[in-house]
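Protein chains in written order, with the working numbering: chain Y, 475 to 745; chain H, 475 to 745; chain V, 475 to 745.
These are computed hints drawn from the structure, not numbers from a lab. In this text, all values refer to a predicted model and were calculated from it rather than measured experimentally. Fair warning: there could be bad hints in the mix.
Taking lysine to any residue and the SDA-like style, the derived pairs with C-alpha atoms no more than 25 Å apart in a straight line are [what the hints assert, rightly or not]:
| no. | chain 1 | residue 1 | chain 2 | residue 2 |
| --- | --- | --- | --- | --- |
| 1 | V | Lys718 | Y | Gly719 |
| 2 | Y | Lys718 | V | Met714 |
| 3 | H | Lys712 | H | Gly617 |
| 4 | V | Lys718 | H | Arg742 |
Pairwise CB distance ranges, derived in the manner of DEER restraints [as the list claims (entries may be wrong)]:
| no. | chain 1 | residue 1 | chain 2 | residue 2 | range |
| --- | --- | --- | --- | --- | --- |
| 5 | V | Glu738 | Y | Ser628 | 29 to 39 Å |
| 6 | Y | Glu598 | H | His501 | 20 to 30 Å |
| 7 | V | Glu571 | Y | Gly616 | 46 to 56 Å |
Ideal Cβ placement from N, Cα and C applies to all residues, glycine included.
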Amino acid sequence: MSTPIPTAPATITPAALADALRQLREHTPLVQCLTNIVVAQWTANVLLAAGAAPAMVDNPEEAGGFAQFASGVLVNTGTPYRETYEAMRVAARSAQEAGTPWVLDPVAAGGLPVRTAFAVEVLEHRPTIIRGNASEISGLSGGAGGRGADSTASPEEVLDLAQELARTHGCVVAVSGAVDHITDGEQVVRISNGDAIMTRVTGVGCSLGGLMAGFAGVVEPLLAASAATALMTVAADKAMETAKGPGTFAVALLDQLELTTPEELAERVRL
Amino acid sequence: MSTPIPTAPATITPAALADALRQLREHTPLVQCLTNIVVAQWTANVLLAAGAAPAMVDNPEEAGGFAQFASGVLVNTGTPYRETYEAMRVAARSAQEAGTPWVLDPVAAGGLPVRTAFAVEVLEHRPTIIRGNASEISGLSGGAGGRGADSTASPEEVLDLAQELARTHGCVVAVSGAVDHITDGEQVVRISNGDAIMTRVTGVGCSLGGLMAGFAGVVEPLLAASAATALMTVAADKAMETAKGPGTFAVALLDQLELTTPEELAERVRL
Amino acid sequence: MSTPIPTAPATITPAALADALRQLREHTPLVQCLTNIVVAQWTANVLLAAGAAPAMVDNPEEAGGFAQFASGVLVNTGTPYRETYEAMRVAARSAQEAGTPWVLDPVAAGGLPVRTAFAVEVLEHRPTIIRGNASEISGLSGGAGGRGADSTASPEEVLDLAQELARTHGCVVAVSGAVDHITDGEQVVRISNGDAIMTRVTGVGCSLGGLMAGFAGVVEPLLAASAATALMTVAADKAMETAKGPGTFAVALLDQLELTTPEELAERVRL
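Generate coordinates for the entire structure from the input sequences, incorporating the hints supplied.
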């Protein structure tokens, strides 16, 4: 497959990213998270630090009603159980019906059959944003996937698949990696902030999906996915200035998610 | 509704709070926690740092037997599943029968119908302490509640409801907020330590419920709820002296829960 | 019961431990964790910091298939639910059939009847390593156990039981405590690094089980259990140099799990 060289979108500028962060902090979007037991605490803390309001409503009885009035919904398949799948189906359907933006994070898609089938199934509810690493995006597109949450491929290598996925489902696809790639099927945003240490703290990618759901509650999807990525990776760059290892990095990252101003975001982001 | 101005209880003094902390550390109460997937780790770490022994026994087969010999039990409805509800019912009943003090933390009561009904249902097992923010206390009393774990009201505004709840169920009600209010239906303890950053770290309130269950294993309920609140908020004040953001605050808070001495508690608490 | 004084194994030397750590970092073993909701995040972060790749695949539909190609599997009974038990049974059986090394951490065995019965039951799938504190090892052997995750006994006191357990099931038994004892039923490795503060951070022991599963994917079981213990306790010694309390200790421990070199491990370990 050959891809025409995508033009840089005129709408995703440092100033637009800064403004998205201002919107987030002004409106404190309510983010419903249906996520895994490993990263639930971390995801809540990331959202709180950034300026959103997390709500982990992930049971089948309450998930649908909550998705109607949440600002955004995250569906993450990290540790799926029978009841969680039920809740995720209900939340995705309800979000679609109510027009609530929702993010699908198909953790380990391609590598594990049951959750891959689930992720493909809920695509019918038209996620606003799909977020994953290169292996997961490949796996969701019918490829081989990785060996768990790892990725052995780079975002560049799966850009064709990501664009096709975005066009087919009318959504934004965000692929994490050394250079994050975010596409709506036409335009491609590339963000090259961040550090490899982010892959040695569990849940950084998962919580990025939560941030995208928060931003999607206040700005349009391509900008939302880009602003979330910019905030996370710029905060990571700042955290690296004091971190000694993955423990101090994670703590500093939470600090910097709160301390990073819209102006700093615009100044430091590398588009 | 009008409330007579409640008299400050003569029993809740800085010296009494300090002595409660001495009791906690001397007896290392065993605290059974049935809590949510978001804050389970944090709650265990808070209890360990303060000087209690957490045990997360939250399955229906073991929860009842454990509640008979635990020092205190926490029931928190943050992420309830079918099996968790079952375990919580069993634990609450068993705690009541065995005379084990237990704490109900009705997370998001009022805002979410299923868990609100559950929280109202288990009131029949006579919790020793009910802990929540103003919205949750209002929701448990039949009011509207908030939009998740947030609170949009202040403890002062729901003091009447809290006192009525305490009198109706013969328990202590603790309402978290800028000034924490704790009442047994007659007397009201107000504690004005703490900082707004506590609401930007997930689980600080939830873990306070765990601390109350621990203190309730060693001193009487009004003192228990007050001592737990005093310890958490004084430790938070101390943590603020070095914190740069929510990440470093959370870490320093755990340190200070261990480092705060009974003498410091008595000196710094603002009743 | 009398035990002949066990000879120090000639194979477990500081140089061998250092080499095991080199192997771990070179091969990045994939560690499937079926563990509890309290320590899942911490366990993942410990494995990532040390140099392994965690994958929390703990549902019955995917656990068996994953155990066939994982480098090692951890089964930890901290917060068992019906679906988790199912997944653990499937994973243990599959690991046995595929020859994947697996670690059993029988949290609170002896103290709680249902999980004790489960832990005894899965012994039929021949764990490669059993890891616990003295009470849990005693409980798994039919003794009384402790009051939750605590231990009231010392590893020395249960060494006879540990050796018998190892001989009966053809596995390595690792008993955590002030001096860790690790035995294959014949030889006994004693490691006296570490600090009591490790018991005031939840999940340090649980994550040690995960580390053992990782090392067991790259070296033989007695060396694997010893290297994991040495790495955790030497990193703890280094973390203590800057820690002010349990919060900063936990953060520094993650840093030191990454920063500790094979050479430092060999130099600092006290066999």
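Comparing the hints with the structure gives:
The suggested pairing of Lys718 of chain V with Gly719 of chain Y holds, with an alpha-carbon distance near 18 Å, which does not exceed 25 Å. This hinted pair checks out: Lys718 of chain Y and Met714 of chain V have alpha carbons roughly 15 Å apart, not beyond 25 Å. With a C-alpha separation of about 35 Å, the suggested pairing of Lys712 of chain H with Gly617 of chain H is violated against the 25 Å cut-off. Between Lys718 of chain V and Arg742 of chain H, the direct Cα distance comes to roughly 20 Å. Compliance with the 25 Å bound is thereby established for this hinted pair.
Look at Glu738 of chain V against Ser628 of chain Y: about 33 Å separates their beta carbons, and that is inside 29 to 39 Å. In this structure the supplied range 20 to 30 Å is violated for Glu598 of chain Y paired with His501 of chain H, their Cβ-Cβ distance being about 56 Å. Roughly 29 Å separates the CB atoms of Glu571 of chain V and Gly616 of chain Y, a value that falls outside the hinted 46 to 56 Å.
The earlier numbered hints that this structure contradicts are 3, 6 and 7.
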